[in-house]
Each structure stands twice: as C-alpha cells, then as structure tokens.
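Number of protein chains: 4
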Amino acid sequence: MVSVPPLARPERAEFYRRLDREHLTPLWEALGKLVPREPTSPCVPALWRYATLRPALLEAGRLITAEEAERRVLVLENPGLRGASSITHTLYAGLQLIMPGEIAPSHRHTQSALRFVVEGTGAYTAVDGERTTMHPGDFIVTPSWTFHDHGNPSEEPVVWLDGLDIPTVAFFDAGFAERFGDASQPVTKSEGESLARYGANLLPLEYAPPSRTTPLLAYPYRRAREALERLRHSAPLDPCHGVKMQYVNPATGGYPMPTIGAFIQLLPSGFRGKGHRSTDGTVYSVVEGSGRTRVGDRCLEWTQKAVFVVAAWRRAEHEADEDAVLFSFSDRPAQKALGLWREEVEA
Amino acid sequence: MVSVPPLARPERAEFYRRLDREHLTPLWEALGKLVPREPTSPCVPALWRYATLRPALLEAGRLITAEEAERRVLVLENPGLRGASSITHTLYAGLQLIMPGEIAPSHRHTQSALRFVVEGTGAYTAVDGERTTMHPGDFIVTPSWTFHDHGNPSEEPVVWLDGLDIPTVAFFDAGFAERFGDASQPVTKSEGESLARYGANLLPLEYAPPSRTTPLLAYPYRRAREALERLRHSAPLDPCHGVKMQYVNPATGGYPMPTIGAFIQLLPSGFRGKGHRSTDGTVYSVVEGSGRTRVGDRCLEWTQKAVFVVAAWRRAEHEADEDAVLFSFSDRPAQKALGLWREEVEA
Amino acid sequence: MVSVPPLARPERAEFYRRLDREHLTPLWEALGKLVPREPTSPCVPALWRYATLRPALLEAGRLITAEEAERRVLVLENPGLRGASSITHTLYAGLQLIMPGEIAPSHRHTQSALRFVVEGTGAYTAVDGERTTMHPGDFIVTPSWTFHDHGNPSEEPVVWLDGLDIPTVAFFDAGFAERFGDASQPVTKSEGESLARYGANLLPLEYAPPSRTTPLLAYPYRRAREALERLRHSAPLDPCHGVKMQYVNPATGGYPMPTIGAFIQLLPSGFRGKGHRSTDGTVYSVVEGSGRTRVGDRCLEWTQKAVFVVAAWRRAEHEADEDAVLFSFSDRPAQKALGLWREEVEA
Amino acid sequence: MVSVPPLARPERAEFYRRLDREHLTPLWEALGKLVPREPTSPCVPALWRYATLRPALLEAGRLITAEEAERRVLVLENPGLRGASSITHTLYAGLQLIMPGEIAPSHRHTQSALRFVVEGTGAYTAVDGERTTMHPGDFIVTPSWTFHDHGNPSEEPVVWLDGLDIPTVAFFDAGFAERFGDASQPVTKSEGESLARYGANLLPLEYAPPSRTTPLLAYPYRRAREALERLRHSAPLDPCHGVKMQYVNPATGGYPMPTIGAFIQLLPSGFRGKGHRSTDGTVYSVVEGSGRTRVGDRCLEWTQKAVFVVAAWRRAEHEADEDAVLFSFSDRPAQKALGLWREEVEA
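Residue numbers (numbering that gives the first Met the number 0), protein chains in the order written: chain P, 0 to 346; chain R, 0 to 346; chain L, 0 to 346; chain C, 0 to 346.
Because the hints were derived from the structure by calculation, they are not lab data. Treat the hints with caution; some may be incorrect.
Identical chains blur together in the list; that is why a pair holds if it fits in one copy or across any two.
Claimed, not checked - Below, a list of computed lysine to any residue pairs in the SDA-like style, where the Cα atoms sit at most 25 angstroms apart:
1. LYS32 - PRO78
2. LYS32 - GLY136
3. LYS273 - VAL344
4. LYS273 - ASP127
5. LYS273 - ARG8
6. LYS32 - ILE63
7. LYS32 - ALA55
8. LYS335 - ARG8
9. LYS188 - HIS134
10. LYS32 - ILE102
11. LYS188 - ARG221
12. LYS188 - LEU236
13. LYS273 - PRO203
14. LYS32 - HIS106
15. LYS273 - TRP340
16. LYS273 - PRO238
17. LYS32 - GLU342
18. LYS32 - ALA182
19. LYS188 - PRO238
20. LYS32 - GLU58
Take these sequences, add in the hints, and give me the full structure.
Now the structure itself:
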C-alpha cells in the first residue's frame with residue numbers, strides 16, 4: 000500500500016474515478032491484498048457436534064422428502080464464508096440423510112463427490128450400474144460426470160458426509176449437470192464387482208484409465224481399519240499425524256479424484272501430536288474415539304461423528320484421549336497439480 | 000429449487016433460522032445455483048482499446064513512480080467482477096508501464112506471471128540472474144517463487160501486459176510473497192543463456208526439471224512469428240482458430256506454467272472463423288492487424304495492442320480484416336489438471 | 000539380399016575380406032536378416048510337465064545343498080536357445096526347491112525377480128527386513144538391488160517358479176550383484192506389513208515411490224483367486240483370455256517391475272479361446288485345472304503345476320477341460336516402454 | 000561356481016545329462032556368469048578413422064548401387080561382437096553413402112533410426128511427406144514404423160552415420176518391416192515444416208504426441224553449435240563432459256527416441272576430462288577438432304569424422320587438443336525406462 004502525499008490525493012482520486020469508468024483499477028492500491036506475504040484465508044476453524052447435527056437432520060427428514068429435495072443435505076458452512084456453501088475456500092461439505100424407503104434420484108454433474116458414511120447400514124450408492132451397500136466408515140466416490148443415485152432399503156436412517164468440489168468447479172466456470180430421467184439407474188453389476196476388478200492389486204488386462212478418478216466405487220472401512228491397526232504396531236508413529244494413510248486410485252497410485260484427496264489416520268490413546276500447517280484446509284470426520292485439535296488459538300473438542308475443519312495454513316495439533324480414527328479430505332491434489340501446495344512441520 | 004406448500008413455509012423458515020445459527024444451510028434451497036446445468040460465469044466479454052489504455056498509463060506514470068508503486072499497473076477488471084481485480088474468474092491481467100530509467104523492484108511470490116510486451120523496446124525482466132531485453136510480442140515468464148525485477152535503461156516508455164494467477168492462488172489460500180531487499184537482483188548470466196540452454200531443442204545432460212514451470216525466461220516474438228508464417232502456407236487452417244500454437248515448456252512438452260497456458264495465432268486477412276466455446280475464459284492481446292471477435296451477442300472490434308476477454312463457455316467467432324496475430328492466455332492447464340476442461344466446436 | 004552378377008562376385012568377395020579386417024561388413028548382405036518382415040524368434044513353444052520336474056528337483060535336492068548352490072534351481076531352457084539359460088529371448092525361468100531347514104543365502108542383484116509358488120507351504124522369502132510365508136499360487140517380488148533370502152522352516156519341500164530378467168540385464172550390460180554376508184538378513188518387520196502399507200488401496204501419507212518396482216512383497220493367491228471367481232460371473236469373458244488380470248504396482252498403477260509383467264487368468268471349464276499373438280513371448284504356470292494351448296502347429300497339453308512357454312508372435316489358443324487358472328509373465332512392460340509391443344487378435 | 004567333491008562328479012555329470020534331455024540345466028553351474036558382480040560386456044572400445052572409411056565407402060559406391068543395396072552402408076562391427084552387426088550390445092551403427100543422383104528407396108521398419116551427417120550437403124531424408132536437406136552435423140530422426148527414403152540431387156557424395164536399435168528390436172523379437180512400393184514417397188510438405196511446427200518452443204494447439212518419438216525430423220547443426228558456443232562461456236564446464244547437451248523430443252522433454260538417446264558436446268581446446276563410466280555403451284562421431292579418449296587401457300586418438308565406441312561400464316576420459324565437438328548416441332533411454340542405468344563419476 001502506498002502512502003500518498005496529501006496534495007496528490009484529490010488528483011489521484013479523480014484519476015481513479017476515470018479509470019473506474021474504463022474498468023481499470025490501480026494495482027498499487029491493492030497489491031498488498033492481492034499478493035499477501037502469507038495466506039490470509041477468510042475461512043476459520045469450526046466444529047459441528049453430531050448431537051447438534053443429528054436432530055437437525057431428522058427434522059429436515061420430516062420437513063422435506065429426499066425426492067423433493069433431490070438431495071436432503073444440511074450444508075456445513077464455514078463461519079468465515081457464510082452464504083457461500085463452502086466449508087473451505089475450495090470445498091463443500093454437507094451431511095446427507097436418507098430415510099428408510101427413500102431414493103435420492105439419479106443425476107450427474109461435473110463436480111466430483113465423496114461420501115463418508117457416518118451412521119446407519121444398508122443404504123446404497125449406485126454408480127455405473129453397480130450398487131455399494133454403505134457401512135459406517137466406508138469411503139465412497141461418485142466420479143465427475145457419472146450418474147449416481149442413493150437409496151435406503153434398510154429399516155434405519157442412514158447419514159453420510161458429502162464432500163464435493165462445488166466451489167472449485169464454480170470458480171473455474173466449468174460446471175455441468177443433468178438428471179438421469181428415472182429415479183434409479185438400472186443395476187447391471189453385482190455388488191463388489193469394482194472392488195474385485197480394481198481393488199485386489201490387479202487390474203484388467205491392458206486397462207487404460209479413462210480419467211484420473213479412481214475406478215473403485217467404495218473403500219470399505221473394514222479394510223482400512225485393519226491396515227491402520229497393523230501399522231500402528233509396526234513403524235514409528237508420525238509425530239504430527241499418528242498413522243496416516245491416503246486413499247489411492249489403484250490405476251495410477253494418485254489421489255482418488257483430481258480435485259479432492261482423502262485420508263484416514265489412527266491416533267493412539269494418549270497421542271499428543273506436534274504442530275503442523277499446510278495450505279490445504281482440511282475437513283475431518285471423527286470415526287472413532289475422542290480428543291481435540293488445537294488450531295491457532297481455538298481448541299476443537301471432538302467426539303465420534305463430529306465434523307470439523309482446519310483452515311488453510313493454520314497451525315494444528317491433534318490429541319487423542321482414547322484410540323481415535325479420523326477421516327479427512329482436502330484439495331491437496333489440486334494444489335499439487337497447480338504447484339501451490341506447501342506444508343510446515345514443527346522440528 | 001423446491002416448491003413449498005404454503006402451510007410449510009413458516010415452519011421451514013423457522014427451521015432455517017435455527018440451522019443458520021449452527022452454520023448450517025439447507026442444500027435444497029441452493030442446489031440449482033450450486034450445481035448448474037451449464038457454466039454461469041459472472042464474467043462478461045470486454046475489450047480495452049489501446050487508445051484508452053495508453054494515455055491512462057502515461058498519466059499513471061506522472062502520478063506515481065515505479066518504485067513507489069512497486070509495480071505501476073492498471074488492472075483490467077472484468078465488468079462482471081468489479082472489485083475483484085480479475086479479468087476472468089481465475090486470472091488477473093494488467094497493463095504495466097515502466098518509464099526510462101525506472102526500476103520495478105525485485106520481489107517474489109507464489110503467483111506465476113507472464114509478461115507480453117505491447118509497446119517499446121529495451122526494458123528488461125530479470126529472473127535467476129539473467130536479464131532478457133523486451134521487444135514487442137515477446138512472451139516472458141516469471142515463475143512462481145522466483146525473484147524478478149524489471150528495469151528500463153532505454154529512452155522510451157515500455158508497456159506490457161501482465162497475466163497472473165492471482166485469483167487462483169487466493170482461492171486456494173496458497174499465496175506467499177517477499178521482497179528481495181535490493182531493488183535489482185545481481186546479474187550473473189549473459190542474456191540469451193536460458194534460450195541457449197533450454198530453447199534449442201536441447202537440454203543439459205541429465206536435466207531434471209525442478210518444477211512444472213518452463214525454464215525458458217523468454218519466447219522471442221521473432222521466432223514465433225516466423226513459425227506462424229511458415230505454417231499458414233503448409234497446412235489447412237483450423238476453421239475456428241486459423242493457425243494456433245501453444246507455448247511449450249521444453250522440459251516437459253506441457254504448458255509454460257501449471258496454472259496458465261499461452262497461445263499465439265495467426266488469422267489471415269479475410270479469415271471468418273467458426274464458432275467455438277470452451278470452459279477456459281481467455282484473454283487476448285492483439286499483436287498485429289485488426290478484426291473482430293463475436294462473443295455471444297457482443298461484437299468486440301479490435302485493433303493492434305487492444306486487450307479483450309472472452310468469458311468462459313461463451314461462443315466466440317474470430318474475423319480478421321487484415322493479417323492478424325493474437326496472443327492469448329487462459330487457465331486451461333489448471334482446468335485440464337483438475338479434469339474440468341471442456342470445449343465445443345461447431346460442425 | 001542382393002543377387003550379384005557372376006563377374007562381380009570375386010571382386011566383392013575380395014572387398015569384403017578387406018572390410019572385415021577393418022571391422023566393417025556390408026549391410027546389403029545382411030539387411031533382410033537384420034530387418035526382417037516379421038519377428039523371427041529363435042524361441043520355440045515348449046512345455047515341462049511337473050511329473051518330470053518334481054523328481055529332477057528332488058534329485059537335485061539330494062545332490063547339492065541350497066547353501067552350496069546359493070540357489071538350487073533347474074533352469075528351464077528354451078529348446079531353441081540351448082546354452083543361453085533363457086526361456087524366452089529376454090527372460091529366464093527356473094524351478095527352485097528349498098528343503099525343510101534350508102536357507103538360500105541373502106544376496107542382491109540388478110536383476111528383478113518374481114517367485115510364483117508351485118508346491119508346499121511354509122517357506123519364506125525375505126526382502127527389506129520382512130518375511131512373507133509362501134503358499135501355492137502366491138506371487139512374490141524381489142525387486143532389483145534389494146537383498147533377499149529364502150528359508151524353509153516347514154516340514155515339507157517347497158517349490159516355486161523363478162522368473163528373472165537375466166537375459167535382458169545381460170543384453171544391456173547392466174548387471175551388478177553382491178552377497179549380504181550373513182545367510183539371512185535380520186527380520187525387522189512383522190509379516191504382512193507391506194501388504195497393509197501398500198496393498199489396501201491406501202498408501203502412506205505423501206508416499207513417493209523410490210522406483211518403478213512394486214512396494215508389495217507378495218500378492219497372495221487367495222485374494223487374486225477370489226477376484227477371478229467374482230469376475231467370471233460379472234462380465235463377458237475375453238474371447239482369447241477368459242478372465243485375465245494383470246498384477247499391479249499399487250503406487251503407480253503400472254506393472255510390478257519395469258522389465259516383467261505378470262498376469263493371472265481363469266479359463267472356465269469348456270473354454271475355447273480365439274487365436275491371438277503378441278511380440279512378448281510368455282511363460283505360463285498352471286495353478287489349477289487342465290487343458291491345452293495350441294501354438295502354431297504345436298499343441299501343449301497342460302495339467303496342474305506344468306510350465307510352458309508361448310514364443311513371441313506365435314498364434315496361441317487356450318482351451319480348458321475343467322476350470323483352469325494360469326499364471327503368466329512376459330517382458331511386456333519393457334516392450335511397451337521401448338515402443339515395441341504389438342498384438343494381433345482374431346476377429 | 001560350486002566346488003564338487005570328486006566322488007560326486009560322475010553322479011552329477013550323469014544327472015546333468017538327463018536334465019539336458021528335458022531342456023533343463025543346473026543354475027548353480029552358471030550362476031556366476033548369469034549374475035555377475037559387475038557388467039562384463041563382450042564389447043570393446045574401438046575407433047574407425049575416416050581415412051579408412053571414406054575410400055571403403057567410395058569403393059562400395061562403385062561395386063553396388065544404392066537401389067540395389069536398398070541401403071549402401073558399411074556396418075561398424077564391434078571387434079568383440081563380430082558377426083552380430085552391432086557396435087554395442089544393443090545398437091547398430093553404419094556409415095551410409097549416397098552418390099549424386101541416387102535414391103535409397105522408401106521403406107519402414109520397427110527399428111528407430113538416427114542419421115548424423117558426416118560429409119556433403121544436399122542429400123535429403125524424407126519422412127511423412129517432408130524432405131530435410133542434409134548438412135554436416137545435422138541430426139535427423141526416422142521414427143519407428145514411418146516410411147523414409149533418402150536421395151541425393153546434389154553434385155557430391157553424401158555420407159552419414161546411421162544409428163539404429165536393430166539388436167534391441169531383434170532381442171525383443173519385435174521387428175517388422177515393409178517396402179513403400181515406389182522408390183520415393185510423395186512430397187506433401189515444404190521443407191522446414193516440422194521444425195516450424197514442433198521446434199520453435201511451440202506446439203500445435205491441443206497437440207497430443209502419437210508416440211514417444213520426436214516429431215522433429217531434423218535438428219540442424221547450426222542451432223546446436225550456436226547453443227554450445229554460448230554455453231561454453233556462461234557456466235562452469237562439466238569436469239567429465241565439457242559442455243554436454245542432450246537432444247530433446249520437444250513434445251515430452253524426453254529423449255528423441257524411446258530406445259536411443261543422442262548428445263552433443265563441446266570440449267574446449269586443452270580440455271582434460273575426468274574419468275567416468277556408465278552402463279550405456281556409447282558411439283561417438285567427431286564433428287570438429289581432435290583429441291583422444293582413454294578407455295580403460297586403450298587410447299582412442301580421434302580426428303574429424305572419426306567414429307569411436309566406448310564400451311559399457313569402461314572408464315573413459317576425454318581430452319581435446321583443439322576445440323572439439325562430439326556427437327554421440329547410446330541406449331540410455333532404454334536403460335532408464337527399464338530401471339537399469341548406472342553411472343559413476345570420479346570425485
């Protein structure tokens with residue numbers, strides 16, 4: 000920002016008014032804001048307790064049907080970005096409820112989506128003719144521009160966390176969407192087929208990935224949890240992250256979606272993590288256990304099924320009071336693809 | 000959007016108020032806006048004539064020094080995005096003036112930048128200890144996080160178009176910046192060294208690119224113009240784009256920067272291009288000739304040195320009244336890296 | 000080949016003799032052989048019955064200890080390449096026996112190796128401090144330049160098929176080898192650790208593959224067999240290959256080694272495959288079932304545990320008399336990396 | 000190799016005879032040779048003086064026509080590999096002569112080829128409808144499976160060095176070839192078109208490389224020489240290699256062919272290079288100057304237009320008595336793709 004000698008002020012003001020009419024602005028009045036020394040995200044850390052979320056969801060379940068809503072979701076809005084339907088600058092998160100007997104009708108969109116199951120068993124997500132039954136902790140992907148629908152043939156309400164790149168796609172002016180027509184797409188495959196085809200450390204002969212999105216419809220919690228359990232005993236813990244793994248597109252070794260990375264980590268009881276920060280604001284869902292995450296001067300106390308967000312470039316420290324498992328997602332793949340990602344870890 | 004039976008309205012409104020206090024919002028009230036059928040960019044097509052820009056720049060030259068301003072730039076703001084210092088949703092453009100004897104002091108930032116020389120010869124851009132003398136039509140890259148400064152030891156004002164990914168870096172909360180200290184970085188290389196080292200279809204033995212940004216400091220206009228001239232005679236013209244080439248990172252064959260692609264095209268006199276649209280809003284600088292670009296129901300009449308922008312997913316048609324050369328840039332590499340880019344070309 | 004007029008013959012012969020003394024030869028006398036119209040591999044199809052192999056191995060077990068032999072292996076030599084210790088032009092295969100209580104001492108070499116377990120349970124292969132217990136059908140990788148040793152603490156003889164790129168490494172003059180010193184490397188990891196770390200569709204946070212070789216020590220048969228069983232019911236069979244999958248490096252989606260690809264396929268009872276040929280000569284190990292493979296005018300009748308080889312660019316047809324599972328390996332990754340691989344499939 | 004107690008010898012010999020009949024051999028008798036401690040290439044260093052080569056070529060020019068020979072080439076055979084038409088284990092080199100008025104008829108083959116012009120100006124190589132006029136020092140590529148022919152409309156004999164991957168393609172059993180029919184392919188492009196299209200640090204809009212081979216038909220010596228000259232003054236010399244650059248595929252930043260890398264280096268007058276060795280045996284053509292290369296205990300004294308070969312993993316030192324330029328090629332891209340390449344440089 001420039002300090003202007005008093006006499007020049009009126010002349011500049013008049014100049015700026017003329018510039019304005021030509022859709023021009025003087026960079027020197029905005030440079031510091033446009034090119035800051037450090038990230039200055041408007042996002043803030045925040046936490047939503049499941050004790051709050053669940054009754055609100057069930058009330059929504061009374062007020063609107065899944066079909067009427069197309070998707071019955073409560074959007075978790077970052078308190079620093081109200082009105083934007085964003086939980087971080089680039090990502091959207093919501094909690095979706097599907098009641099017994101309901102269907103969330105089939106549509107597709109450019110936006111990539113993940114579903115992380117929070118409560119209930121027996122609903123399904125259908126993609127490309129295959130249905131996967133949802134269990135708590137399952138991580139499910141509905142890739143960009145694939146038709147997908149959800150249904151709940153079970154007896155209990157099922158709730159999951161939706162994570163989408165809606166703000167990113169909007170920012171790039173690249174969003175398209177359409178409805179399938181029928182509420183449900185036809186089922187043409189047996190359950191577990193994509194896991195057998197792509198998830199067994201095998202791929203079909205001469206398989207050429209049609210996109211950078213994972214061909215795996217679902218990553219069952221059972222398998223991820225088993226890996227975490229084995230690894231907690233076999234290697235030193237990461238001082239910041241405990242045992243932290245990233246979900247992988249088995250056809251590339253990369254992230255499951257080009258815009259969203261997903262992670263799962265185990266913090267053993269008593270874990271006191273070191274501080275770290277990175278430019279990717281991160282959304283967490285608590286699968287097991289309880290503890291807290293200190294973010295800057297905030298302390299987010301979490302218990303099972305809570306959702307919380309660590310804003311970009313804020314120093315965070317995790318602590319677990321009992322064995323805890325955290326699922327998380329962020330825009331890390333996008334930041335890396337654009338050469339933007341940075342992290343800092345305490346010595 | 001959901002049509003709500005009258006009786007439910009007050010109940011919902013009250014529910015929404017309670018949600019709001021918990022930083023929650025109902026997706027079903029916003030779904031259509033968040034997940035649109037087609038891109039609905041707030042950006043609009045626009046054109047800036049050089050007859051307007053040049054006097055404004057020279058006036059800025061009187062009102063503020065290069066050193067005081069750090070960069071003396073008039074930002075070209077998209078009329079649909081006033082206040083955002085953006086020319087498209089994701090990119091920034093400005094016209095920078097450097098007067099004889101001035102220096103724009105050395106700094107570095109996460110933001111990647113291109114410079115496309117519009118008027119004047121003899122200023123320089125310095126990166127990594129090498130200075131490149133600027134000539135009209137030269138395309139110059141100052142990579143993310145490299146110190147760079149500009150100076151004008153010549154006798155004439157020099158003007159160039161700046162293209163940066165400022166909005167993108169802000170959106171991803173990943174911006175860092177710092178000053179070098181001295182106004183100019185020390186010169187440690189002879190001019191033309193990077194062109195000899197990386198631009199002659201050779202690379203140093205066992206060269207491993209340290210990033211995805213081009214190691215070429217400058218792409219001289221002379222060479223690009225020569226290629227266009229030869230190719231106009233040797234192959235059928237593209238029905239939309241005439242002879243259109245993309246600038247290349249010689250170490251990867253990819254775009255010159257991970258966030259910004261740059262292009263140069265020749266439209267022969269009398270060219271009437273077919274309609275096309277793509278999701279990357281594109282900024283054009285007119286190097287030679289005159290003509291017009293129809294964008295939706297707008298007609299942008301351009302002459303030499305004008306700058307214009309075609310907003311995302313708007314149908315555009317180029318016409319040339321005389322041989323014309325257009326430089327352009329967009330966020331195409333970012334959109335492709337994120338799996339978002341689409342185009343549509345008329346049959 | 001050139002037809003030479005009779006009078007020129009002596010003159011040419013004399014010229015050729017002079018050339019020869021200068022280490023020169025006339026291309027025109029050899030062009031047809033050097034640059035053939037189609038591949039003319041010296042390799043031929045061949046089959047080794049386990050009824051022959053097993054007694055020979057056990058006899059070797061009496062005549063030489065594992066430690067004395069370093070590796071007690073009977074090399075399967077292609078009848079068209081006797082003396083070269085090659086089963087195809089580029090690959091080596093042998094059957095290795097390890098008797099109860101024996102150790103095959105630790106060494107490492109540039110050559111990449113796979114082990115496919117044929118008979119017996121309870122021997123182990125150790126790599127990077129981890130031991131994997133061998134079961135019939137397991138596919139195990141000992142990467143280039145990693146120390147590895149084998150041991151058999153069980154009560155039964157254990158036999159596996161070794162597949163190595165020995166001829167390839169020799170051809171490229173790039174072979175290095177050394178002994179570990181001690182017979183066994185220290186065990187520093189628990190069994191199954193690499194499978195948990197790399198094989199669960201997860202990778203360690205920020206994992207960067209140190210090479211193109213799979214980080215998975217073993218691909219258990221149980222998991223591969225399960226996938227084949229599921230897929231046989233869920234998609235049309237490949238007309239040549241039945242249900243055929245390739246083993247994958249989970250960190251890249253590519254082949255498990257840069258020089259050797261590995262495959263597993265199920266041919267349902269009664270399967271009559273169409274003819275196909277490819278430039279990668281392929282070695283098969285019969286895991287389950289019986290049938291035959293017609294290769295050119297040969298018919299290779301196979302039963303469980305047999306090994307056979309289909310030479311490059313020979314038309315092959317598989318037939319199964321009962322449900323059959325075939326493991327196979329070839330140099331396909333190398334041929335693809337070098338731009339050489341071709342295949343032809345019957346319409 | 001195993002030391003066998005005397006009593007066991009006859010029994011083993013008899014066992015080996017039985018094995019032999021089954022196409023089996025005992026690994027333990029061959030292990031040391033198959034898996035050596037260090038590369039033991041049969042290739043040896045060698046040099047061919049142009050004073051020897053030129054008269055032999057002209058004599059060949061009298062004894063056989065280009066059309067009769069299809070290619071009138073004297074193959075440079077490594078003295079350690081006589082009969083194999085190989086200059087290294089994996090590569091072929093020959094000197095080709097084309098007399099005024101002659102045509103070397105159009106054909107194509109899987110084998111990739113480079114041409115490095117040694118003497119004469121005015122012959123051409125045609126690929127994909129474009130002819131490039133040959134000048135001394137030009138590096139020309141005829142990619143795998145593209146029709147190519149050569150002609151000499153000039154008044155002087157023209158000689159070039161051919162470098163092909165013939166042994167590699169034979170080793171992988173992947174060679175195909177066919178004739179075009181007519182002697183010359185039709186000319187459909189103007190000279191210099193591929194250089195304008197791919198060699199100006201630009202690529203056609205949305206260019207997708209159809210293979211890993213360079214789209215550049217020719218790399219003119221003028222441009223490479225100019226780059227070397229500039230770089231000799233602007234950076235410290237490599238202690239082993241002087242100023243050494245690699246030719247690049249501008250569409251990928253990689254080597255010009257997947258099987259052959261090509262290099263050009265300047266050794267300033269008086270240069271005394273340090274020792275180095277690598278697993279890729281390398282063929283050199285002396286473009287300018289004179290000096291020597293010590294390889295193991297051999298000393299190869301070279302002058303202009305000589306060809307010499309440094310065998311794999313032999314320590315080499317270059318010395319220049321006057322400014323010298325060396326072109327070279329090797330199988331480095333193949334070795335890297337297969338994870339096999341190693342080098343060692345003296346401290």
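Here's how the hints hold up against the structure:
1. LYS32 - PRO78: Classified as both; 21 angstroms inside a copy, 20 angstroms across copies.
2. LYS32 - GLY136: neither (41 angstroms within a copy, 30 angstroms between copies)
3. LYS273 - VAL344: within (8 angstroms within a copy, 41 angstroms between copies)
4. LYS273 - ASP127: neither (43 angstroms within a copy, 29 angstroms between copies)
5. LYS273 - ARG8: Intra 50 angstroms, inter 49 angstroms, cutoff 25 angstroms: neither.
6. LYS32 - ILE63: between (43 angstroms within a copy, 19 angstroms between copies)
7. LYS32 - ALA55: between (38 angstroms within a copy, 23 angstroms between copies)
8. LYS335 - ARG8: This pair counts as neither: shortest intra-copy Cα distance 43 angstroms, inter-copy 45 angstroms.
9. LYS188 - HIS134: within (19 angstroms within a copy, 32 angstroms between copies)
10. LYS32 - ILE102: Between copies, since 22 angstroms is at most 25 angstroms while 46 angstroms is not.
11. LYS188 - ARG221: Both, since 22 angstroms and 23 angstroms are each at most 25 angstroms.
12. LYS188 - LEU236: Only across copies: LYS188 and LEU236 sit 14 angstroms apart there, 40 angstroms inside one copy, limit 25 angstroms.
13. LYS273 - PRO203: between (42 angstroms within a copy, 18 angstroms between copies)
14. LYS32 - HIS106: between (40 angstroms within a copy, 15 angstroms between copies)
15. LYS273 - TRP340: Answer is within: at 20 angstroms inside a copy they meet the 25 angstroms cutoff, but 39 angstroms across does not.
16. LYS273 - PRO238: Answer is within: at 6 angstroms inside a copy they meet the 25 angstroms cutoff, but 45 angstroms across does not.
17. LYS32 - GLU342: within (22 angstroms within a copy, 34 angstroms between copies)
18. LYS32 - ALA182: between (47 angstroms within a copy, 21 angstroms between copies)
19. LYS188 - PRO238: between (43 angstroms within a copy, 20 angstroms between copies)
20. LYS32 - GLU58: between (42 angstroms within a copy, 24 angstroms between copies)
In summary, the structure is inconsistent with hints 2, 4, 5, 8 from the numbered list given earlier, while agreeing with the others.
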